[in-house]
Amino acid sequence: MQRRSFVVMSLVLLIAALTAGCGTNPSPTAAPIFIPTKPSATATRAPINRALLDIGTRIALAAEDQVGVTTIYDAQYVKLDYPNGDVPIERGVCTDVVVRAFRAIGVDLQARVHEDMLRNFSVYPKDWGLKAPDTNIDHRRVQNLAKYFERMGKQIRNISAEDAFKPGDVVTWQLSGWMQHIGIVAADPVPLTNRNYIIHNIGAGTQKADTLHSFTIIGHYRW
0 MQRRSFVVMS LVLLIAALTA GCGTNPSPTA APIFIPTKPS ATATRAPINR ALLDIGTRIA
60 LAAEDQVGVT TIYDAQYVKL DYPNGDVPIE RGVCTDVVVR AFRAIGVDLQ ARVHEDMLRN
120 FSVYPKDWGL KAPDTNIDHR RVQNLAKYFE RMGKQIRNIS AEDAFKPGDV VTWQLSGWMQ
180 HIGIVAADPV PLTNRNYIIH NIGAGTQKAD TLHSFTIIGH YRW
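Quick note: the sequence shown uses numbering that gives the first Met the number 0, first residue 0, plus one each step.
Honestly, I wouldn't trust all of these hints.
[Claimed, not checked] Here are the in silico distance ranges between beta carbons for each label pair:
#1 Lys-130 - Pro-190: 43 to 53 Å
#2 Ala-131 - Gln-75: 16 to 26 Å
#3 Ser-121 - Asp-53: 28 to 38 Å
#4 Arg-49 - Arg-111: 20 to 30 Å
[Said to hold, decoys possible] EDC-like, lysine to aspartate or glutamate: derived pairs with alpha carbons at most 20 Å apart:
#5 Lys-165 - Asp-209
#6 Lys-78 - Glu-89
#7 Lys-146 - Asp-115
#8 Lys-125 - Glu-149
#9 Lys-125 - Asp-115
#10 Lys-78 - Asp-107
#11 Lys-125 - Glu-114
#12 Lys-153 - Asp-53
#13 Lys-165 - Asp-187
#14 Lys-146 - Asp-126
#15 Lys-78 - Asp-133
#16 Lys-153 - Glu-114
#17 Lys-78 - Glu-114
#18 Lys-146 - Asp-133
#19 Lys-153 - Asp-115
#20 Lys-153 - Asp-107
#21 Lys-130 - Asp-115
#22 Lys-130 - Glu-114
#23 Lys-165 - Glu-149
#24 Lys-165 - Asp-53
#25 Lys-146 - Glu-114
#26 Lys-165 - Asp-64
If you are wondering where the hints come from, they were derived from the structure by calculation, not from laboratory data.
Even glycine gets a Cβ: it sits at the ideal position worked out from N, Cα and C.
All chains should be modelled from the sequences, with the hints used to inform the complete structure.
Here is the structure:
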C-alpha cells in the first residue's frame, strides 16, 4: 500500500508540474517536482584529509556538503560571473549540485562547457533555440552537461546494475517530455541494497535520498 501511494503521489505531482507550464520554454533544468521520499540523515563523519581520497568520493562528499545549505529550488535565469560564477548558495537547481561539487575538486564546469561549446556549438542540444553559447545558463542545463561528459569520454555504458554506480558518479534521468534531471551518487550505501543514495535537488533543495530508480535512467558518467 505504501509503494502504491508513493507512485500515485509522484504521478499527481508530475502532472501538476506539467499543467503549470513546465513543458514549454525550458528552464535550466527540470521544473521543481517534489518526490515524496524521506531524505536520508546526513552521516556524521570523522575529520579526514579529503585530498587523500579518490576523486569520486571527493565529488560525492562535496555534493553532500550542500545538504541543508542549498534549501531552495530556483530555476530563474541569472547573470553570473565568469568563470566560477554561481547563484547564491542557498538556492539553485539540480545542475548546480553537480557544478558546485565539481568546483570543490578544481573543475569549473561553467568554463569547460562554455569553452567546448565555443568550438563545437553545433553538436550541443538545440532545445532552447539559442544561436550562441551563454555563460550564464549553458552549464546549468542537464542536456548540456550530459553532452559535455559524453564528449570528454566520461560516459559509463552500464545503467542497469546497481553496483555499477560508484560514489561521485553523475546520473541523468528522463522525467517527462523534454524534462531531464541530474544528480550525484553519494558515498553511502542504502542499507540492505546494492545501491548508494543519490544527492540532488528536485524541488526542495539539495537532499540525499534513495532515488536512483525514481525515474528512468538515461545517462551515467564518471570523472
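Against the structure, the hints come out as follows:
{"no.": "1", "hint": "Lys-130 - Pro-190: 43 to 53 Å", "result": "holds, 50 Å"}
{"no.": "2", "hint": "Ala-131 - Gln-75: 16 to 26 Å", "result": "holds, 21 Å"}
{"no.": "3", "hint": "Ser-121 - Asp-53: 28 to 38 Å", "result": "holds, 35 Å"}
{"no.": "4", "hint": "Arg-49 - Arg-111: 20 to 30 Å", "result": "holds, 21 Å"}
{"no.": "5", "hint": "Lys-165 - Asp-209", "result": "holds, 14 Å"}
{"no.": "6", "hint": "Lys-78 - Glu-89", "result": "holds, 17 Å"}
{"no.": "7", "hint": "Lys-146 - Asp-115", "result": "holds, 10 Å"}
{"no.": "8", "hint": "Lys-125 - Glu-149", "result": "holds, 16 Å"}
{"no.": "9", "hint": "Lys-125 - Asp-115", "result": "holds, 15 Å"}
{"no.": "10", "hint": "Lys-78 - Asp-107", "result": "holds, 17 Å"}
{"no.": "11", "hint": "Lys-125 - Glu-114", "result": "holds, 17 Å"}
{"no.": "12", "hint": "Lys-153 - Asp-53", "result": "holds, 16 Å"}
{"no.": "13", "hint": "Lys-165 - Asp-187", "result": "holds, 10 Å"}
{"no.": "14", "hint": "Lys-146 - Asp-126", "result": "holds, 13 Å"}
{"no.": "15", "hint": "Lys-78 - Asp-133", "result": "holds, 10 Å"}
{"no.": "16", "hint": "Lys-153 - Glu-114", "result": "holds, 17 Å"}
{"no.": "17", "hint": "Lys-78 - Glu-114", "result": "holds, 18 Å"}
{"no.": "18", "hint": "Lys-146 - Asp-133", "result": "holds, 16 Å"}
{"no.": "19", "hint": "Lys-153 - Asp-115", "result": "holds, 15 Å"}
{"no.": "20", "hint": "Lys-153 - Asp-107", "result": "holds, 16 Å"}
{"no.": "21", "hint": "Lys-130 - Asp-115", "result": "holds, 15 Å"}
{"no.": "22", "hint": "Lys-130 - Glu-114", "result": "holds, 15 Å"}
{"no.": "23", "hint": "Lys-165 - Glu-149", "result": "holds, 17 Å"}
{"no.": "24", "hint": "Lys-165 - Asp-53", "result": "holds, 11 Å"}
{"no.": "25", "hint": "Lys-146 - Glu-114", "result": "holds, 13 Å"}
{"no.": "26", "hint": "Lys-165 - Asp-64", "result": "holds, 18 Å"}
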